Every structure is written in C-alpha cells, then in structure tokens.
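Student: As they're listed, the protein sequences go chains A, B, C and D.
Sequential numbering of the first sequence, starting at 1, is according to UniProt numbering.
Sequential numbering of the second sequence, starting at 1, is according to UniProt numbering.
Sequential numbering of the third sequence, starting at 1, is according to UniProt numbering.
Sequential numbering of the fourth sequence, starting at 1, is according to UniProt numbering.
One should not assume that every hint holds.
In the DSS-like style, the derived pairs of lysine-lysine whose C-alpha atoms are separated by at most 30 angstroms in a straight line are [to be verified]: (1) A:79 x D:292; (2) B:378 x C:179; (3) B:68 x B:139; (4) C:13 x B:419; (5) A:179 x D:191; (6) A:7 x B:378; (7) C:53 x D:332; (8) B:68 x A:225; (9) A:79 x D:175; (10) C:55 x D:491; (11) B:349 x C:179; (12) C:53 x D:292; (13) D:255 x C:53.
Derived Cβ-Cβ restraints for the label pairs, each shown as a range [what the hints assert, rightly or not]: (14) A:159 x D:107: 58 to 66 angstroms; (15) A:305 x C:114: 29 to 37 angstroms; (16) B:351 x A:223: 24 to 32 angstroms; (17) C:112 x A:9: 19 to 27 angstroms; (18) C:144 x D:168: 49 to 57 angstroms; (19) A:13 x C:112: 30 to 38 angstroms.
Okay, the calculated bits of chain D under chain C, using three or more residues with CB under 8 angstroms as the criterion [said to hold, decoys possible]: (20) 221 to 229; (21) 306 to 319; (22) 367 to 377.
Bear in mind the hints are in silico, worked out from the structure with no lab data behind them.
Every value quoted in this text rests on a predicted model; they were computed, and no experiment measured them.
Each residue gets a CB set at the ideal place from its N, CA and C atoms; glycine is no exception.
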Amino acid sequence: MLNYVSKRILIGILTLLAASIVVFIVLEIVPGDPARLMLGMNATEDAVRALQQQMGLDQPLLVRYFSWIGGLLTGDFGKSYTYSVPVLNLISERVAVSLPLALISLFLSTIIAIPVGLFSASRRGTMADSGTMAIAQVGVAIPNFWFALLLVYVFAVSLRLVPAGGFPGWNAGIWAGFKSLILPSIALGLPQAAILARVTRSALLDVLGEDYIRTARAKGLTRRKVLYRHALRNALIPVLTILGLQFAFLLAGTIIIENVFYLPGLGRLVFQAITQRDLIVVEGVVMLLVATVILVNLLVDLSYALVDPRLRGRP
Amino acid sequence: MNLLEISKLTLRSGAFEALKGIDLSVRTGEIRALVGESGSGKSMTALSIMKLLPGGARTGGHIRFDGKDLLTASEAEMCRLRGNEIGMVFQEPMTALNPVKTIGEQVAEGIRLHTGATRAIAEEQTRAILDRVGLPPEKFPLSRYPHELSGGQRQRVVIAIACALKPRLLIADEPTTALDVVLQAQILDLLQSLVDEERMGLLLISHDLAVVAGMAHSITVLRHGEVMDTGETTQILSEQTHPYTRQLAQASMHVPERTPHHLVHTTPDGPLLAIRNLTRTYPGRRKGLFGRDPDFRAVDDVTFDIKPGQSTALVGRSGCGKSTLARMVLALDHPTDGQIHFAGRRIDKLAPDDLRPVRRNMQVVFQDPYGSFNPRHKAERLIAEPLYLLDRELSDGERRDRVHRALERVGIPRADKDKYPHEFSGGQRQRLAIARAIITEPKLIVADEPVSALDVSIRAQILDLFADLNDRLGIAYLFITHDLAVARAITDTVMVMSEGKIVERGKTEEILRQPLSEAGRALVRASPDLHKALARRITEQG
Amino acid sequence: MSAPTEWQANISKAFSNRSFVIGLIITVLLGLMAALSFVWTPYAVGSFDILGKLKPPSPAHWLGTDHFGRDILSMIMVGSRNSIAVAFVSVVIGAGIGVPLGLWAAARGGIIDEALMRFNDLVFAFPALLSAVMITAVFGPGAINAIIAIGIFNIPVFARVARGAALSLWPREYILAAKAAGKSSLLITVEHILPNMMNILVVQGTIQFSLGILAEAGLSYVGLGSQPPMPSWGRMLFEAQTMIGMAPHMALYPGLAIVITVLGLNLLGDGLRDVLDPKMRRERS
Amino acid sequence: MNTFWKSALAASALVLLSATASLAAKTDLVLGVVLEPPHLDPTAGAATAIGEVVYANVFEGLTRINAKGEVLPALAESWTVSEDGKVYTFKLHKDVKFHDGTAFDAQDVKFSLDRARDDKSVNPQKPLFAAIDTVEVVDPLTVKVTLKQPNGDFLYNMGWAAAVIVAPESADTNKEKPIGTGPFKFDTWAKGSQIVISRNPAYWGTPVALDKATFRIIPDPAAATAALLAGDVQAFPVFPSYEAVPQFQADPRFKVVIGTTEGETVLGMNNQKPPFDNLKVRQAIGHAIDRKTLIDGAMFGLGTPIGSFFPPHHPAYIDLTAESAYDPALSKKLLAEAGHPNGFKTTLKLPPPVYARRGGEIIAAELREIGVEAEIIPVEWAQWLEQVFKGRDYDMTIVSHTEPNDLNIFARDNYYFNYTSPAFREVIKQIEATSDTAKRTQLYQQAQKILAADAPVAFLFQLPKTGIWDAKVEGLWENGPIPANDLTAVKWAE
C-alpha cells in the first residue's frame with residue numbers, strides 16, 4: 001500500500017515536471033509581447049525595451065525556465081506582468097471563489113445524482129426509471145453555459161431571488177458570498193448531476209448482476225437491503241472515478257460560467273491572463289490546476305483502496 | 001411428508017420452455033442428486049425453489065416446502081425462508097462473495113438478519129460455523145476479505161453462509177465444478193458431514209453422475225427440462241433401465257478403443273520432444289522500494305521425453321505449473337532456464353521466423369471451445385490459420401482441399417466450413433479446434449484440458465476422436481489434465497506434477513492403479529469413479 | 001464486419017431498441033439538414049438585412065432573425081455543417097492516432113505501455129477546456145485549431161479504450177492459437193484484435209462525437225471556434241447573450257439545436273452500446 | 001417564450017421600482033467598468049482602464065481636461081507663457097498634500113516630468129513629453145518648463161492621465177497602492193472584482209459629494225445589462241452593449257446619455273502592400289461601405305459617421321462623408337480601373353471589441369458585394385499590437401483610435417498604416433507650432449481634407465459614449481474627451 005502510494009506520488013511529480021515543460025514551451029510560442037501590450041499604441045520603442053528589462057523578458061529561455069521552476073519549488077510563483085503583484089496572491093484570491101464554487105457544485109451534483117441513481121436502479125424498467133433517465137439524458141446534452149443563461153434570466157433578472165452575478169467577496173459576509181455562488185453552482189452542478197446519476201445507475205445495475213448479489217439474496221436479504229448493503233459500495237468505484245474527473249472539470253472548466261456570472265475566479269483569471277499575455281500568471285494557474293488534477297486523481301485512487309480491499313495490497 | 005415436494009413445475013421465459021413439468025422431492029436428511037447436462041434446466045429448478053429467477057421468467061405448478069407452496073408465497077415470506085430454512089451454495093466461488101466485505105460480515109449478516117442476534121453473539125456463531133467448515137478462526141479471522149482466500153476456501157465460506165442457521169434444506173448448485181478433483185472431494189465430504197449432522201435435506205446438482213454417485217441417496221436425471229429417470233441411487237445406476245441414464249453412465253466411464261500397436265511409429269532417431277531441466281520463475285511481488293517476495297518457481301527443473309506417436313498425460317492440481325509448462329513447449333512463453341528440443345533441434349532460443357517449421361509440427365488445442373475462435377471469422381478461415389506456417393503459399397484449391405480433409409478427419413460436414421463459430425455446438429467447436437490443430441499434419445499436439453469444459457457425453461466423443469487420430473495419423477500428444485479419467489482413457493504414460501516439479505512418471509495404468517507419490521495418491525483418491533462408488537454403495541447396503 | 005446472422009440479429013435488435021431508433025432518427029435528420037444546407041437554405045446566410053434584424057419567429061422567418069437580420073433557421077442549418085465537421089474530424093484524429101497507440105501498447109507491453117500510460121496521465125492532467133484555450137491562444141482561433149484542440153484530447157481517450165479492449169483480448173485462446181500459428185503481433189492485431197473491438201470503438205466514437213459537438217459549441221461561445229462568416233451554433237449563442245432580453249429566440253433555437261443534436265447522438269451511442277456490447281461501461285466525463 | 005421574457009422583465013422592473021423608491025439620498029455609488037486596469041499607475045501603463053478609475057479622482061496633473069475637452073487649471077492654479085511660446089511658468093496651489101500625508105511642491109512636479117522623459121521611462125505616452133527641454137524649480141510653488149520649440153498642445157498634453165503628478169516617495173508603489181493628490185483616495189482592490197475609492201477628507205479643493213465609489217469590473221455585456229437592471233451597479237459610464245441601450249431608454253428608472261468620444265473608428269489598410277498601395281483600391285473600399293448599415297448593424301444605431309479623422313464635436317470639424325459616400329457601382333468601376341475587375345482576396349484582422357468584430361462581419365459582407373473576399377481573422381490585443389501595429393503584417397483591420405488629439409498619427413514614421421504624405425506632415429508640423437485658435441482651425445480642416453482625399457484608411461464612425469445610469473445620479477460626464485470617470489461633481493439627487 002505504502003509502496004503503491006509512493007509510486008503514484010513519484011509518477012505524479014514526473015507528470016507535473018513534464019507538464020511544466022509543456023506549459024512553458026507552449027506559452028513561449030504564444031505570439032504577443034506583454035510589455036508592448038501594457039504600454040499601448042503610443043509607446044516608444046525604448047519604453048517597451050525598458051519595460052521588457054524590468055519584467056525580465058530579455059533573459060534567455062532556459063534561464064527563465066529554471067528561475068521559474070526554482071521559484072515554484074520555493075513557493076514563489078513570480079510576479080504578475082500586468083498586476084505587478086505576486087502571482088500567488090492573485091491565485092489565492094481567485095481560489096477563494098473557484099474552490100467553493102467547485103465544491104458546492106460537486107456537492108450539489110453528488111447529493112442529487114446518487115439518490116437519483118439509486119432510485120432509478122432500484123426501479124429498473126419502470127416508468128419512474130425511464131422518466132428519470134430521460135431527464136438525465138437531456139441534462140447531459142445541455143451545454144452548461146446555455147443553462148446558465150436561462151438561469152440568470154429566470155432567477156436573477158425576473159424573479160430577483162439571487163444576484164445576477166458578481167462576487168461581493170467573503171468580507172461581505174458568508175451568506176452574501178454564498179448567495180452569489182448559488183446560480184453558478186446550479187448551472188455547473190446540474191448537468192454534472194445528470195451524468196453522475198446515469199453512471200451511478202448503470203454501475204449499480206452492473207453490480208446487481210453479480211453472483212454475490214444472488215448470494216446475499218439467498219441469505220434472505222430484501223432487494224432494498226441488498227441494494228444498500230452490497231451493491232452501493234461496489235458501485236462506488238466508477239462513481240468515484242467520475243467524481244474525480246468532475247472535480248477537475250469543475251475547478252478548471254469554469255471559464256465560461258465565470259464569464260456568464262462575472263465571478264472573479266481562476267478560470268477568468270487565466271482567460272484574461274492569456275489575452276493580456278500575462279504569461280507568468282497563466283503558467284502559475286495552469287500548474288496549480290494540473291497539480292490539483294494529479295492530486296485529485298491520487299486521492300481517487302487511494303479512495304478506491306478504501307472502498308475495495310482487493311486494491312489495498314496492490315504492488 | 002416430504003421436506004420439499006415439487007410437482008409439475010413449469011418455467012417459461014418468453015417463448016422458451018425451460019422446465020416442462022418437473023416432479024422432484026427431498027426428504028429430511030435425504031441427499032437428492034439432480035443430474036443433467038448443460039441446458040437441462042437443473043439450475044433453473046434450484047432458482048425456482050429460491051424464487052430468485054431472473055426477471056421475465058414465469059413459473060407454474062407447485063413447489064411445497066414443509067407443506068407451504070413457495071410459488072404463491074409473498075416476497076416477505078421468502079425472505080424469511082431464504083438463508084434461514086433454505087440455504088443455497090453456488091457454482092462459482094470466485095464471484096459468489098462480495099469483494100468489499102469481510103467474510104465475517106458476510107456470514108454474520110444472515111445470522112443477525114434472521115435471529116436478531118447482537119453483533120457479538122452473531123460473531124461468536126460466525127466463528128463457530130467457519131470453524132466447522134474448515135476455516136479455524138485462528139488461521140482465518142473474521143476480518144479476512146474474500147480475495148485473500150483460495151477458491152476452495154471461498155466455497156467453504158459460501159457453505160458457511162448457507163449453513164449458518166442450520167437450514168432444513170440445502171441446495172448446492174454444482175458446488176465443485178469450478179474446483180479441481182482434490183478440492184471437489186473435500187467439499188463434497190464437507191457437505192455430506194454437515195447434512196448428516198443436522199439432518200438437512202440436500203438437493204445436490206451436478207452434470208456428472210460419477211460425482212454424485214458416492215453420496216446421493218437418490219438421483220433425478222433431467223434432460224431438456226424433463227425428468228428422464230428418478231429413483232434410488234444404487235438401483236438407478238446398477239440397473240440403468242432408462243437409456244439416457246445408461247448413456248450418461250457409460251459416457252462417464254468411457255474409455256476409447258485404441259489399437260495396441262500405437263507405439264510402432266517409434267523411430268530410432270530419439271525422442272520427438274525432449275525437455276531438459278526446464279525452469280520458469282516469476283519475480284516475486286515487490287514489497288517495498290527494494291524488497292521483493294521470493295521468486296515463484298512455476299516450473300521447477302523439469303525433464304522428460306516424448307517419443308513420436310506417444311500419448312503422454314501431464315496431470316496435477318490446478319496451479320501446479322502444468323499450463324506454464326505447456327506454454328513453454330509451444331514457445332508462447334520463455335523458459336528461465338533449461339532446454340527444449342523438438343525433433344532433435346533446440347527450439348527455446350529460436351527467433352520467431354525460425355520457429356515456423358517447428359510450429360508447423362506442433363499444434364495446440366485449448367480448453368474453452370467458446371474462446372478458442374475469433375467470432376468474426378468463418379470456420380474455413382479459422383481452420384486454415386496454421387497454413388500460414390507453410391513455407392509456400394497454397395493455392396485456393398489446395399487450401400480448400402486441406403480444409404476439407406481436416407474437417408473430414410474430425411467428422412464435420414464440408415458444408416459447415418462457411419459457418420461462424422457461434423453456429424456450432426460446444427462439441428463441434430472442439431472438433432474444429434482439433435481440425436485446426438491437424439491441418440498442418442503436425443507430429444505433436446499439446447492439448448490443455450481439451451475436454452474439461454464439455455458435457456460428459458460430448459467428452460466421450462472428443463476423447464474417441466483424439467484416440468482415433470493418434471492411431472491413424474500417429475500424432476503424439478501432450479495432454480494436460482486434472483482428470484484422471486481422461487488420462488486413463490487415451491494416454492500411454494502419465495507424469496504427475498506438483499508444485500512445479502514432476503513427482504512421478506510411468507505407464508498410465510500402473511500409476512493410476514498404484515500411485516507412489518503423495519500428489520499422485522491424492523489425485524487418485526479424489527477422482528470420482530462411478531464403478532468404485534457403485535461398488536461401495538452396494539457393499540454398504542449389504 | 002461480423003457474421004451475417006449476427007448482423008441480422010443485431011439489426012433487428014437495434015430497431016427494437018428505443019434509444020437507438022430515436023437517436024438514429026435525430027442523427028439522420030441532422031445529417032440531412034447539413035446536406036440540404038449545401039444546396040438550399042431558406043435564406044442565404046451571407047445576406048444581411050439590418051432593417052429586418054431581431055425579428056421574432058414568423059412565417060417568413062420560421063425561427064426569426066438575428067442582429068444582422070439573417071435568418072436563424074438558415075444559420076442553424078449551415079452551422080450544423082460546422083459542428084458535424086469539427087466533431088467528426090476530431091474523432092477521426094483521436095481514433096486515428098489513439099487506437100494505433102493503444103493497440104501498440106497492448107501488443108508490446110512493458111516500457112511502451114508504461115510510456116503510453118504516462119502520456120495519457122500527462123494529457124489528462126490538463127483540464128481540457130483550459131488547454132483548448134491555450135492551444136487557440138497559440139495558433140489563433142478558428143475551426144481548424146478547434147479541431148486540433150478537441151482532437152488532441154480524443155487521442156488518450158481512444159488510446160485508453162483501445163488498450164483496455166486489446167489487453168482483454170490478448171489472453172483469449174484464439175489469440176494464443178494465432179500465435180501458435182506463427183503470426184506476428186502486428187498481423188494478430190490487424191486480423192484478430194482490431195475487428196473484435198470495433199463495437200467498442202464505434203460506441204466510443206459516438207460518445208466522443210457528441211462531446212465534440214459540445215466542446216465546439218463551448219469554444220465558439222468563448223470566441224475560439226470557427227470564425228465568421230461561417231455560422232456556428234456556439235457563436236450564435238454568444239451573440240444572442242447580450243440580446244436575450246429583446247430577442248430570446250436568438251438564444252433559444254441554437255441552444256435547442258445543440259441539445260437535440262447531442263441528445264440524439266447520446267441516444268444513438270446508448271442504443272449501439274446496448275445492441276453491440278451490453279457489458280461495456282460508458283466512459284465519459 | 002417571447003412573451004414570457006417580456007413579462008419577466010416587466011415584473012423585474014416593478015420590483016426594482018418599489019425597491020429604489022424608498023431610498024434617501026445616498027453618498028455612495030457603484031460604477032460598472034468593462035475592463036479591469038492591470039494596475040493603477042497611469043504613468044506606467046497605457047490601459048485606458050487605469051485612467052477611468054484614477055484620473056481626476058486619485059491623481060491630478062498640472063492641468064486637467066473637463067467634460068467638454070477644455071483645459072482647466074488643476075494643481076497649477078495659474079500659468080504664464082513666454083512670448084516665443086517656449087517657456088511655461090506654473091504657479092502651484094499651496095497646502096496640497098498627497099494621500100500619505102507628504103506635502104506636494106514644485107519638486108514633485110519636476111520629479112514627475114523628468115521621470116516621464118527619462119531613458120528608462122516606461123511612460124506609455126512618452127511623445128507627450130518629447131517637447132520638454134528642461135524643468136526648473138523656481139521656488140516651492142513655482143515651476144518653469146522650457147520647451148525645445150513652441151507647442152500649441154502643451155497645456156492640453158499636461159492634462160493627460162499619463163502626465164499626472166506623483167511623489168517620489170510613492171512613485172514605485174503606485175501600481176498597487178496609488179498615492180495622489182486627488183479628492184478621492186484609494187481604498188481596496190479585489191482583483192477581478194472591484195476597486196473602491198473613498199473621499200479624501202484632507203483635499204485641498206472643493207470637497208466631493210460622494211463618500212465612497214466602487215468600480216465594479218463587469219466585462220461581459222450580458223452581465224452588465226443584468227447588473228444594471230438588478231441594481232447591482234448604479235452607473236455604467238461606458239456601457240458595453242449597444243443593443244441593450246433601447247431597453248434602458250424605454251425605462252424611466254435610467255438615464256441614457258449618448259455622448260461622443262475621441263474614438264475615430266477606421267478600417268485600416270496597409271498602404272504599402274498591394275493592392276492597397278493603389279489609391280483607387282482604397283477609394284473603392286471606402287465607397288463600398290455603407291456607414292448607416294454599419295452603424296445600425298454593429299452599433300445599433302449609435303455612433304456618428306465620419307469622413308475623415310477628426311471628432312465631430314470639435315469646433316474645427318468638417319463633414320467630409322460625402323467624399324466616400326456609399327456607391328458600390330463606383331467601387332466596382334474604381335476596382336476595374338485599378339486592374340481588379342473581378343475583385344481580389346484579402347484578410348481582415350479584427351481585435352476583440354464588439355465594434356470591430358461585428359463591424360468586420362458587415363464590412364466583409366459589403367466588400368463581397370464588390371468582389372473583394374476578405375477573410376476574417378480575429379486576434380487578441382496582444383497579437384494585434386504585435387502583428388498589425390508593430391509588425392505591420394496585415395491587409396486590413398478595424399480599430400478605434402481613442403487618444404485625444406491624435407490626428408498626428410498619420411504623420412508618423414512607420415506607423416502601421418504605412419501612409420506617407422509630405423503635404424500632410426507639413427500641415428501637422430505647422431499645427432504643433434501654432435497656438436492661435438483660428439489659424440489652428442484652418443490647419444485642422446486642411447489636414448482633414450488631405451486625409452479624406454488620400455483615403456489612407458476607410459473612415460467609419462466616431463465611437464459613441466453610451467452612458468447609462470440611475471436617473472437620480474447627477475454629474476457624470478456625458479462625453480468622453482479623454483478616458484476618465486471624473487467623480488468630482490457626482491451626487492445623488494434628493
């Protein structure tokens with residue numbers, strides 16, 4: 001087990017390293033000079049050169065890569081070209097929006113999807129099952145940004161139940177902050193819930209066909225008890241896999257949703273940073289997200305072992 | 001009154017009539033065998049009693065348990081009966097246990113459900129029953145997970161679950177089919193002693209008369225959803241009045257006729273296959289960053305010869321290394337050490353291209369008649385596949401001739417060459433597999449459990465075919481099997497393998513009559529034998 | 001591809017499968033609509049009619065007009081070409097590169113396999129949309145780059161599916177028999193492995209196709225997909241966003257087009273999976 | 001569906017009305033801005049978003065430009081100009097303090113101007129200071145600036161955001177924590193979300209009415225509409241969604257003010273790259289564009305057509321749109337004369353703003369009518385600057401030139417239009433050296449005519465300033481002579 005964990009961590013670190021090279025090279029070839037962008041159309045050439053020097057953009061590629069990587073290792077993500085503040089500060093401000101958003105969406109998606117999946121699987125073939133799954137099927141097909149658009153106009157503009165968008169900051173109070181995350185969470189979470197409910201149902205149905213389910217029934221357990229005591233836990237592995245993927249998706253794939261609701265989150269930070277050629281911010285955010293994905297995958301793998309004892313002794 | 005009384009049980013699923021009016025009874029303390037080949041409806045009968053049939057199946061008739069008709073009982077009543085009054089043991093121990101729950105939890109679950117016992121009391125009882133089925137708590141704590149147990153041990157856990165509450169009726173659906181003969185004997189012994197102790201009724205389902213002959217009081221023979229024959233074991237087997245019963249019994253004891261001159265093909269050139277000090281080790285499981293479990297020697301310093309035309313059996317329990325050995329002979333796996341010579345030439349170090357003439361003379365037949373063909377190709381293409389090994393490409397006509405000849409030799413009509421594998425029955429598929437093996441007219445066929453997945457009557461036919469080909473074409477066999485009946489049927493010499501080593505070798509008849517090694521004795525003792533079982537029963541009854 | 005009898009059985013099974021039939025009808029209609037748009041649309045999509053802009057649905061314009069007075073039905077029809085093309089080509093890229101990679105890794109095992117798995121880890125570690133944004137930032141927005149961005153993420157998906165299926169086929173006895181017949185790994189892969197995993201690949205292809213439609217819509221929505229004057233559903237939604245108050249039909253119909261298309265493809269995929277491979281688990285995120 | 005939205009909007013309007021009616025006069029204001037400033041130092045960044053927050057509010061210059069584009073005294077209470085127009089002597093206000101408590105005096109002026117002119121300077125508008133020869137401190141409240149040659153625009157230039165006065169103590173940290181002399185001081189900045197400024201109690205001049213002002217960053221046009229309707233923001237001085245304007249015009253809760261800006265929007269052409277090196281081709285393109293359709297389609301009717309490069313609100317403006325009136329037949333004839341009877345293929349690089357992207361689509365469609373196939377290539381600003389502006393690697397582009405008083409760009413060397421006209425350069429030179437208003441007006445008109453005749457670009461329209469704010473808010477600028485949100489006179493009506 002310990003060995004397994006250490007192997008996974010090692011792989012994770014190597015992946016991260018490879019990712020850093022990919023990110024750095026990709027962003028190196030992005031056309032557009034951040035210094036020129038900052039100074040605009042009236043700037044003189046020597047002003048641009050002076051700014052390039054200030055920002056360290058005149059250094060050779062390798063030097064910049066190693067100083068960046070060295071910085072990352074010591075927790076220094078560099079200084080934003082455009083905001084001229086440490087990237088880490090920028091990121092931590094944005095994480096305070098994106099992380100709660102992702103977590104609330106994930107929470108919503110899970111508490112809706114798993115009961116729905118159980119409900120549907122336990123009534124396989126009934127009208128209730130096909131009705132629920134038809135709704136889920138439509139849910140999977142709805143682009144979340146379109147859904148978000150509809151939500152804003154119904155709940156924010158028409159009914160005025162929640163803010164249309166924006167984020168007052170956690171300083172304005174937990175409730176105020178939470179309120180402005182409700183619609184985005186729903187827009188993100190519901191389509192994910194549809195996917196998760198389908199996965200839960202089909203995983204449960206797969207498990208319900210296993211021999212040990214028959215053994216349990218032969219013990220005298222009712223269908224319901226078998227579903228909860230034997231099937232659910234075995235069905236968790238595919239569900240956990242999807243949950244892990246969804247977390248990564250929710251954390252990073254919020255670019256569009258954050259734009260619809262003008263939330264100052266990581267997605268918008270990185271999108272904005274790309275258009276402004278604030279490469280050091282892009283690199284920092286991407287590395288953070290990649291690290292998160294790797295970490296989440298690791299946690300998901302470890303949680304497999306919690307769920308399934310067969311994996312605990314794996315080499 | 002009978003404990004279980006089934007009358008006119010019918011079962012249909014859609015248009016298919018799986019059971020056509022079954023009558024069957026089990027008395028308290030009686031062991032009733034239900035025997036039939038695949039598709040006869042024996043498992044469906046068992047599941048009908050438990051009312052655990054797959055959705056869409058409709059039943060008719062009556063199943064009375066202790067006077068109560070189960071077919072009209074409510075689901076709640078059935079839940080009270082299952083596990084409490086009626087226990088059931090399934091065929092496949094590897095999948096019958098929930099992999100994420102400890103064996104303790106799984107056994108205790110039924111106990112707590114039906115008796116309402118506290119956790120502590122249920123665990124106490126669980127320990128007792130596990131101890132009783134041969135899993136003493138000091139060696140097998142309740143916290144074990146199924147994957148930490150072997151197949152035989154898992155089947156004991158399943159039996160513990162079924163017997164935990166001392167049900168009055170136990171149903172065992174082919175409980176030993178997935179196990180090797182030695183384990184089979186152990187599990188059957190366990191079932192017998194449990195049933196005797198608690199005076200349970202046992203409905204023992206099997207496809208092999210020989211397996212049940214030793215312990216069943218009475219036998220019901222099933223075919224295509226109908227009862228063919230029923231009665232007391234001794235009477236049924238000794239008189240064999242019903243033709244189908246007779247057919248089953250004979251197939252079970254079948255020995256192909258073989259001409260005694262089959263060693264005339266021996267040439268002075270020496271052995272066809274010579275194995276010298278062959279060893280295959282697998283690296284041990286990695287434990288820490290640097291530590292490993294010790295290496296596992298699957299095949300350990302094996303040496304033997306096979307002469308041209310000689311039929312040799314390699315017998316042993318599952319996991320003894322016989323399949324690994326076969327794969328190395330076939331050059332599908334590489335030896336760690338030692339040498340393989342074929343027709344005087346060393347082959348274990350040859351490059352794939354140089355292996356072609358060797359492969360041409362050495363073909364293979366596998367166990368599973370379903371998995372051994374690409375489902376997307378027609379029979380002709382499948383059979384012709386080894387012709388790829390010939391040095392020159394055949395014309396279409398030559399190829400077709402070869403295919404026809406091979407089909408003829410295995411007794412399959414030429415016209416069937418345009419069929420797909422799923423259109424053949426299991427036995428026919430094994431014939432196709434043999435046709436594929438002989439199409440290059442090889443000198444040696446390695447057959448890995450070629451008949452163990454077949455019903456007894458089919459098995460007899462396939463064994464006849466093997467014997468016939470050996471006689472007519474002089475092909476040598478290396479027969480891998482755990483079933484001594486198969487070895488006895490068609491081989492001249494036997495090698496007994498145990499833990500990677502060959503522990504005993506010699507003439508088939510001699511070894512089977514008087515094994516010297518521990519492994520050989522265990523195999524012989526456990527091997528089900530209709531003759532012996534019947535003889536013993538007759539003497540017991542006086 | 002498979003036995004005629006198996007085919008016939010599959011076809012009759014397929015046509016009694018509700019998901020498959022509905023999905024097939026929607027998909028065929030979509031294809032017809034795209035094909036029709038090459039020869040006929042109610043109005044030319046390049047013709048602007050500023051005076052007739054933002055008109056709600058009417059007999060003249062069944063789905064209304066957009067902010068340039070273009071006919072939305074015509075735009076959706078022509079836009080379907082774009083969605084189909086982007087999604088299809090990115091599936092072809094993903095399958096064309098991913099499947100051979102997966103087959104290779106499964107056939108060779110060892111270091112090759114490990115390398116492929118690590119490559120997959122690497123690609124999967126990048127959140128897809130973010131990376132698509134980065135790719136288009138480097139190469140500029142446009143349909144071709146959207147295809148590349150989506151296609152790259154299809155590669156590991158197909159590689160993983162192909163590898164998994166191939167690994168489960170390699171120990172089959174008919175593969176051993178083919179090895180015993182002296183056939184090389186390449187030949188075995190072509191003759192035995194690949195044909196026997198076509199079902200799985202077709203189903204996965206359908207899934208990736210529908211995901212591709214969604215991804216293209218998302219990229220176009222943030223302005224990174226195909227560019228004007230080529231109509232695209234995602235960009236129509238983007239343009240509709242600021243006008244939803246006065247012209248909700250501009251947002252409604254392209255959105256519905258996406259939903260119906262994706263729904264149809266998903267139903268088709270579900271149906272195909274049920275018919276071809278009842279055991280296959282659906283992999284998607 | 002349609003009626004649903006309408007009734008939904010009506011319902012929300014009712015709720016809004018009842019919600020706002022009970023409020024008393026407020027002293028705080030939330031303004032929406034589209035772009036977030038990268039930082040808050042106007043002397044180190046070109047982004048107009050910087051000036052939109054800090055100009056006149058946090059930072060002040062020697063002079064300031066008011067809503068009408070006139071130059072007024074600011075930190076300099078008065079000035080004198082020497083006879084030869086080369087020496088400017090500024091008399092500074094006394095008792096002025098920076099927000100950190102340090103005193104403001106002539107040394108700060110010298111520091112600021114010298115810093116902007118320095119070799120190492122990263123000032124985005126360095127050419128503004130190019131005329132300065134020396135800056136001398138006469139006494140703590142007097143500064144003498146000597147120019148290399150007379151410059152009619154000098155006082156105006158000193159009113160730009162890039163010319164505000166900063167203190168040496170805080171110059172390096174102004175990006176994050178701007179310290180100026182203005183009536184508001186900087187409070188907080190939640191990156192990506194909002195910037196808050198509040199009243200400076202120690203202000204030297206007329207105190208402002210607002211206690212607090214919040215600049216909320218809302219880049220998305222749809223979100224901007226929603227935020228205004230929902231009352232989350234009370235003023236959007238430059239509203240990004242032209243199409244939503246009618247909706248607010250019909251709503252009595254809002255005041256909609258369509259003003260003008262300094263943004264001349266043009267279809268830029270690469271004058272040295274064939275076929276655009278041919279005057280007839282450029283003219284053909286100009287005649288192919290229907291400005292009315294363009295303004296209706298891309299700008300929803302907002303914006304004033306222009307026929308040359310000069311803001312219509314300027315006294316020296318002359319309407320030259322007839323010179324390039326919409327006439328596709330003439331376009332085709334001109335193309336044929338230029339040797340392109342069947343038109344040609346070209347590209348059109350479009351930066352992100354909606355005027356460019358939407359306008360580009362319409363122009364491309366109109367050019368198709370005369371046989372010119374323009375492939376649309378959308379680019380980000382960084383790419384635009386790199387490829388079009390610096391690299392001059394483009395055929396056509398659309399951009400709005402929002403700097404005030406920027407007629408001289410057509411006289412620059414290597415400017416991205418690649419337009420070289422000695423006659424035009426001569427006129428510009430004269431303008432720069434002239435202070436007399438009448439004379440300047442005449443020169444300006446002469447310059448406009450040269451440009452209209454040479455058609456180095458196709459002149460499209462003057463960018464409107466679409467201000468939308470709560471009907472009770474008073475004192476916001478109607479026009480945008482420079483990018484700024486001067487809040488000094490803003491208050492809530494009782």
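Student: Quick one, are residue 68 of chain B and residue 225 of chain A close enough, alpha carbons at most 30 angstroms?
Tutor: Cα-Cα ~25 angstroms, so holds.
Student: Counting residues of the segment 221 to 229 of chain D whose CB is closer than 8 angstroms to a CB in chain C, do you get three or more?
Tutor: holds (count 3)
Student: Can you tell me whether the CB distance of residue 351 of chain B to residue 223 of chain A sits inside 24 to 32 angstroms?
Tutor: 59 angstroms, violated
Student: Can the restraint linking residue 68 of chain B and residue 139 of chain B be considered satisfied, given a maximum Cα separation of 30 angstroms?
Tutor: 42 angstroms, violated
Student: For the pair residue 112 of chain C and residue 9 of chain A, does the Cβ-Cβ distance stay inside 19 to 27 angstroms?
Tutor: 24 angstroms, holds
Student: Between residue 305 of chain A and residue 114 of chain C, does the beta-carbon spacing fit 29 to 37 angstroms?
Tutor: This hint is violated: roughly 21 angstroms between Cβ atoms.
Student: CB of residue 13 of chain A to CB of residue 112 of chain C, is that within 30 to 38 angstroms?
Tutor: 22 angstroms, violated
Student: Take the C-alpha atoms of residue 53 of chain C and residue 332 of chain D, compute the straight-line distance between them, and say whether it is at most 30 angstroms.
Tutor: 28 angstroms, holds
Student: For the pair we were handed, residue 7 of chain A and residue 378 of chain B, check the Cα-Cα distance against 30 angstroms.
Tutor: 46 angstroms, violated
Student: With the threshold set at 30 angstroms, check whether the alpha-carbon distance from residue 79 of chain A to residue 292 of chain D stays at or below it.
Tutor: 47 angstroms, violated
Student: Quick one: see if chain C covers the segment 306 to 319 of chain D, three-plus residues with Cβ-Cβ under 8 angstroms.
Tutor: As far as the segment 306 to 319 of chain D goes, the hint is violated, because 0 residues have Cβ atoms under 8 angstroms from chain C.
Student: Between residue 255 of chain D and residue 53 of chain C, is the straight-line Cα distance small enough, at 30 angstroms or below?
Tutor: This hinted pair holds, its Cα atoms lying about 25 angstroms apart.
Hint violations for this structure: numbers 1, 3, 6, 10, 15, 16, 19, 21, all remaining hints satisfied.
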